[in-house]
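Undergrad: Sequence:
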Amino acid sequence: MLTQTIIQHLDAVRKQKPLVVNITNYVVMNNTANALLAIGASPIMAHSQQELGEMMSFSGALVINIGTLDSAWTPRMIYAVEQANVNGKTVVLDPVGCGASQLRTETSREIARLAKKLIIRGNASEIIALAGEQAQSKGVDALDSSDTALGAARSLVSEYGASVVISGATDYVVFKEQVVKLNNGHEMMPYVTGMGCTLTALTGAFAAVGDDTGLAAAAVLGVVGEIAAEKSRGPGSLQMNLLDELYQLDSSVLTKRLKLQ
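Mapping of the sequence shown onto this note's numbering: position 148 corresponds to residue 1239, and the numbering continues sequentially without gaps.
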């Protein structure tokens, strides 16, 4: 049943081609824009506060990624979330490096408190830190395993009314009704910068067509990452092959490959 729902959401993204507004970090803009295009969505990297109100009136969802956070970006992010609320749009928050600095932690929590319709996508250490627990991290890299963040994820679901995607060797999607465990992906994927950011951007595309859990994006990226890695000699070719597999993905491959509990 869940697999069929994921397939329906993939079909919807390709038919509707939703516009996804991204306030994201400089490191991954090209990667995430290409991933959104490959899956069938329409990305826009909008950072000017003067246009964000207008953008949120006709976009499908808002992605906030704090990877290259500074004082100039924070007010724009807050304003964009307010406009998403006004227009009834989902906010996808990637709290990059939450727990690594007070600035990142406080900004992440401010955005989470403000958003009325929220999906949080982070690694285990970011999820644990966002929930106010003690996390282990090295900059933006997680030192905690994804299963150790399940309690923190449940706390975030309760506190913010959010859905939470914990990405790692095993992915978990935690929402009010249940927890879904995904065992796709490949050990080569963390060697490509912004792989988690790509998942966040794809989560925005699926949110724009009605998936308020984050499950469809996690399932899709896990499957295509696994297939792409099998065809790749290393991280460079993985990045290229990942885009091709996003573009080629169909329901039969998803059904055959998806490892979901």
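By construction, these hints were calculated from the structure, which means they are not laboratory data.
Please read these numbers as outputs of a predicted model, since none were measured by experiment.
Built from N, CA and C at the ideal position, the CB exists for glycine as well.
Just to be clear, a hint being listed does not mean it is correct.
Said to hold, decoys possible - Computed list of lysine-lysine pairs in BS3-like fashion (alpha-carbon distance at most 27 Å, straight line):
#	residue 1	residue 2
1	K1322	K1207
2	K1208	K1267
3	K1322	K1350
4	K1267	K1322
5	K1208	K1347
6	K1322	K1208
7	K1106	K1347
8	K1208	K1272
9	K1106	K1350
10	K1207	K1267
11	K1347	K1322
12	K1106	K1208
13	K1272	K1207
14	K1272	K1347
15	K1350	K1267
16	K1347	K1108
To be verified - Quick list of simulated restraints, FRET-style, between CB atoms:
#	residue 1	residue 2	range
17	Q1193	Y1170	17 to 27 Å
18	L1093	S1133	19 to 29 Å
19	E1173	K1322	23 to 33 Å
20	G1144	S1236	38 to 48 Å
21	P1166	V1344	34 to 44 Å
22	K1106	E1142	25 to 35 Å
23	Q1193	S1139	39 to 49 Å
Undergrad: Hint by hint, say whether it matches the structure.
TA: How the hints compare with the structure:
| no. | hint | result |
| --- | --- | --- |
| 1 | K1322 - K1207 | violated (41 Å) |
| 2 | K1208 - K1267 | holds (13 Å) |
| 3 | K1322 - K1350 | holds (20 Å) |
| 4 | K1267 - K1322 | violated (37 Å) |
| 5 | K1208 - K1347 | violated (32 Å) |
| 6 | K1322 - K1208 | violated (38 Å) |
| 7 | K1106 - K1347 | holds (23 Å) |
| 8 | K1208 - K1272 | holds (23 Å) |
| 9 | K1106 - K1350 | holds (26 Å) |
| 10 | K1207 - K1267 | holds (15 Å) |
| 11 | K1347 - K1322 | holds (18 Å) |
| 12 | K1106 - K1208 | holds (23 Å) |
| 13 | K1272 - K1207 | holds (26 Å) |
| 14 | K1272 - K1347 | holds (17 Å) |
| 15 | K1350 - K1267 | holds (21 Å) |
| 16 | K1347 - K1108 | holds (25 Å) |
| 17 | Q1193 - Y1170: 17 to 27 Å | holds (22 Å) |
| 18 | L1093 - S1133: 19 to 29 Å | holds (26 Å) |
| 19 | E1173 - K1322: 23 to 33 Å | violated (43 Å) |
| 20 | G1144 - S1236: 38 to 48 Å | holds (41 Å) |
| 21 | P1166 - V1344: 34 to 44 Å | holds (43 Å) |
| 22 | K1106 - E1142: 25 to 35 Å | holds (27 Å) |
| 23 | Q1193 - S1139: 39 to 49 Å | violated (27 Å) |
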